[in-house]
Amino acid sequence: MIKVNNLNKFFYGKQVLTDISVTFEPGKTNLIIGKSGSGKTVLLKSIVGLHEIESGEIWYGDVHFNKLDFTQMKEIRKEMGMLFQGSALFDSMNVEENVRFPLDMFTRQSDEEKEERVNFCLKRVNIINANKLLPSELSGGMKKRVAIARAISLNPRYLFCDEPNSGLDPLTSILIDDLIRELTEEYQMTTIVNTHDMNSVMKIGEKIVFLNEGVKCWEGSNTEVLDSECTALNEFIFANPLARKLRKAR
Amino acid sequence: MIRFLSQLGNYFLLLKKVFSKPEKAQVYYRQTMHELVFLGFNSVGIIAIISFFMGAVITLQTAYNTENPIYPTYLIGLGVRDSILLEFSSTISALILAGKVGSNIASELGTMRVTEQIDALEIMGVNSASYLILPKFVATLFFNPILTLISISVGIVGGWLAGTTAGVITSEDFIYGIQYSFIPYYVTYAIIKTLVFAFIITSVSSFQGYNVEGGALEVGRASTKAVVYSSVLILLFNVILTQLLLS
Numbered sequence: 001m002i003k004v005n006n007l008n009k010f011f012y013g014k015q016v017l018t019d020i021s022v023t024f025e026p027g028k029t030n031l032i033i034g035k036s037g038s039g040k041t042v043l044l045k046s047i048v049g050l051h052e053i054e055s056g057e058i059w060y061g062d063v064h065f066n067k068l069d070f071t072q073m074k075e076i077r078k079e080m081g082m083l084f085q086g087s088a089l090f091d092s093m094n095v096e097e098n099v100r101f102p103l104d105m106f107t108r109q110s111d112e113e114k115e116e117r118v119n120f121c122l123k124r125v126n127i128i129n130a131n132k133l134l135p136s137e138l139s140g141g142m143k144k145r146v147a148i149a150r151a152i153s154l155n156p157r158y159l160f161c162d163e164p165n166s167g168l169d170p171l172t173s174i175l176i177d178d179l180i181r182e183l184t185e186e187y188q189m190t191t192i193v194n195t196h197d198m199n200s201v202m203k204i205g206e207k208i209v210f211l212n213e214g215v216k217c218w219e220g221s222n223t224e225v226l227d228s229e230c231t232a233l234n235e236f237i238f239a240n241p242l243a244r245k246l247r248k249a250r
Numbered sequence: 251m252i253r254f255l256s257q258l259g260n261y262f263l264l265l266k267k268v269f270s271k272p273e274k275a276q277v278y279y280r281q282t283m284h285e286l287v288f289l290g291f292n293s294v295g296i297i298a299i300i301s302f303f304m305g306a307v308i309t310l311q312t313a314y315n316t317e318n319p320i321y322p323t324y325l326i327g328l329g330v331r332d333s334i335l336l337e338f339s340s341t342i343s344a345l346i347l348a349g350k351v352g353s354n355i356a357s358e359l360g361t362m363r364v365t366e367q368i369d370a371l372e373i374m375g376v377n378s379a380s381y382l383i384l385p386k387f388v389a390t391l392f393f394n395p396i397l398t399l400i401s402i403s404v405g406i407v408g409g410w411l412a413g414t415t416a417g418v419i420t421s422e423d424f425i426y427g428i429q430y431s432f433i434p435y436y437v438t439y440a441i442i443k444t445l446v447f448a449f450i451i452t453s454v455s456s457f458q459g460y461n462v463e464g465g466a467l468e469v470g471r472a473s474t475k476a477v478v479y480s481s482v483l484i485l486l487f488n489v490i491l492t493q494l495l496l497s
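Chain order of the listed sequences is L and C. Quick note on numbering: the numbering used here labels position 56 of the first sequence as 56, and the sequence is numbered without any gaps. With the second sequence counted from 1, adding 250 to any position gets you the numbering used here.
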């Protein structure tokens with residue numbers, strides 16, 4: 001479980017997150033949604049410790065994460081996997097080396113064991129016969145899947161996904177969403193996904209947190225989101241004409 | 251002034267992170283081997299070409315500026331040797347490497363920063379500064395002295411070839427000149443300077459690249475800053491080291 005209490009974050013004197021308190025539960029796909037610039041990525045990066053916060057608390061289970069020093073934080077980070085918006089695969093390494101990297105760095109497995117684990121992770125995300133390809137030779141969807149394979153190679157307890165569907169076609173987006181949900185259930189991870197894709201919200205949003213201009217405006221699930229009375233959330237959800245028509249039809 | 255001090259503080263904090271205990275020696279060894287080839291071995295060609303022509307030009311210029319019967323011609327060889335040994339091979343090579351290696355380091359790290367590859371390393375629990383920059387230090391501190399020795403040798407060969415081909419000095423006089431009152435300490439002096447310059451190039455370029463914020467434009471700016479700041483510091487430390495080591 002990840003718990004955030006009264007988190008505040010400023011950039012150059014401007015407040016970008018205001019008093020955010022939320023709990024992300026294990027075994028569930030937790031979504032942070034909101035418009036571009038609403039503070040989703042800043043919140044996610046604050047939770048994983050890539051941004052220092054001005055005030056507030058971040059708890060991983062019973063560990064006060066933002067009070068840890070660099071070395072202690074590293075130990076928690078070994079239990080994290082993260083899928084970045086642009087995949088963030090290492091350019092100089094091929095697919096296999098990318099997935100193998102955390103194993104090389106943090107395990108004492110033999111080469112055979114590492115190879116077996118790499119192939120398992122790649123197969124799990126449906127990447128076959130691409131072990132020797134470089135990231136520059138992969139499509140956007142493949143890059144995301146390789147990044148997921150790398151993120152799960154050490155069996156993480158926490159999975160973070162920043163805009164996993166950005167730049168992907170609707171069908172590939174569905175594949176990625178399904179994959180994230182399946183892996184979350186399979187490994188009982190605490191998964192946090194940043195998105196503004198309404199398909200993802202409806203499909204995998206077991207818990208949804210809506211941010212508007214750095215403030216948490218609403219919290220609930222995908223079964224409740226369409227009936228919310230939060231004006232900002234409704235503007236976000238029913239932003240396109242088709243969604244508005246469907247709303248009227250309901 | 252406050253901005254400068256803040257940057258200076260961040261520079262030393264980065265160095266502290268870089269020189270912390272490596273996580274896994276085997277992975278660092280692999281990375282170091284890669285950097286040795288990439289930053290060191292791949293620079294041999296450019297250093298050799300520049301040193302060859304540098305030696306040739308120094309020989310011809312020395313010859314044409316000492317066309318006086320009271321100067322023995324072997325002084326050309328002596329002048330070429332000392333110019334190359336004391337100044338050109340260490341300082342000029344360092345300035346060239348600041349351009350080639352420095353911009354390479356800054357743009358590589360900058361691109362990794364803006365494409366979130368450095369964040370990805372941090373999330374895994376890897377000390378990204380140490381993993382990415384320490385092998386570069388090892389590579390440049392190990393290989394740049396070798397490059398300097400190559401530069402000295404090729405420069406002298408270039409001088410000999412140009413001098414004898416142009417007919418300004420005989421082969422015997424040139425060889426006598428480069429051996430005449432040779433001070434071995436000058437080689438040590440050149441190597442010490444090279445090590446300091448290698449540290450400057452790697453640390454300044456890494457600092458610029460590692461701390462990029464923004465996109466492609468900022469990566470380009472960081473790369474330019476890396477070359478400019480490294481070059482200025484090389485020239486400054488050249489004066490300081492010369493005073494300290496030769497006075």
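It cannot be assumed that every hint is accurate.
Residues of chain L clear of chain C, computed beta-carbon distances all greater than 10 Å [claimed, not checked]: (1) Phe10; (2) Thr18; (3) Met73; (4) Lys74; (5) Gln85; (6) Ser110.
With a Cα cut of at most 16 Å, we get these calculated EDC-like pairs of lysine to aspartate or glutamate [claimed, not checked]: (7) L:Lys78 - C:Glu463; (8) L:Lys3 - L:Asp91; (9) L:Lys45 - C:Glu468.
Distance ranges between label pairs, derived from CB positions [as the list claims (entries may be wrong)]: (10) L:Phe120 - C:Asn292: 46 to 54 Å; (11) L:Ser36 - C:Lys271: 51 to 59 Å; (12) L:Glu219 - C:Phe269: 54 to 62 Å; (13) C:Ile252 - L:Ser21: 44 to 52 Å; (14) C:Phe269 - L:Val215: 38 to 46 Å; (15) C:Phe269 - L:Glu186: 37 to 45 Å; (16) C:Leu494 - L:Arg108: 21 to 29 Å; (17) C:Leu391 - L:Ala130: 50 to 58 Å; (18) L:Thr231 - C:Ser256: 50 to 58 Å; (19) C:Phe269 - L:Leu226: 32 to 40 Å; (20) C:Leu255 - L:Asn8: 47 to 55 Å; (21) L:Ala239 - C:Ile252: 26 to 34 Å.
It should be emphasised that the hints constitute simulated quantities derived from the structure, not laboratory data. The beta-carbon is built from N, C-alpha and C at its ideal position, and this holds for glycine as well.
Going down the list of hints, with the structure as the test:
1. Phe10: Holds: least Cβ distance 16 Å, greater than 10 Å.
2. Thr18: Fine: 23 Å to the nearest Cβ keeps Thr18 of chain L off the interface.
3. Met73: violated (8 Å)
4. Lys74: violated (4 Å)
5. Gln85: violated (7 Å)
6. Ser110: It holds; Ser110 of chain L is separated from chain C by about 13 Å at its closest Cβ, greater than 10 Å.
7. L:Lys78 - C:Glu463: Given that 16 Å is the threshold and the Cα spacing comes to 26 Å, the pair is violated.
8. L:Lys3 - L:Asp91: Outside the cut-off at roughly 34 Å; violated.
9. L:Lys45 - C:Glu468: violated (21 Å)
10. L:Phe120 - C:Asn292: 46 to 54 Å: About 37 Å separates the Cβ atoms of Phe120 of chain L and Asn292 of chain C, which means 46 to 54 Å is violated.
11. L:Ser36 - C:Lys271: 51 to 59 Å: Violated: the Cβ-Cβ distance is about 41 Å, outside 51 to 59 Å.
12. L:Glu219 - C:Phe269: 54 to 62 Å: Between Glu219 of chain L and Phe269 of chain C, where Cβ atoms are some 45 Å apart, the hint is violated.
13. C:Ile252 - L:Ser21: 44 to 52 Å: violated (35 Å)
14. C:Phe269 - L:Val215: 38 to 46 Å: Holds: the Cβ-Cβ distance is about 42 Å, inside 38 to 46 Å.
15. C:Phe269 - L:Glu186: 37 to 45 Å: Given about 41 Å between the Cβ atoms, the range holds.
16. C:Leu494 - L:Arg108: 21 to 29 Å: For Arg108 of chain L against Leu494 of chain C, whose Cβ atoms are near 47 Å apart, the range 21 to 29 Å is violated.
17. C:Leu391 - L:Ala130: 50 to 58 Å: Violated, since Leu391 of chain C and Ala130 of chain L (Cβ atoms, about 38 Å apart) do not stay within the stated range.
18. L:Thr231 - C:Ser256: 50 to 58 Å: Given about 43 Å between the Cβ atoms, the range is violated.
19. C:Phe269 - L:Leu226: 32 to 40 Å: violated (55 Å)
20. C:Leu255 - L:Asn8: 47 to 55 Å: Given a distance of about 27 Å, which is not inside 47 to 55 Å, the answer is violated.
21. L:Ala239 - C:Ile252: 26 to 34 Å: violated (44 Å)
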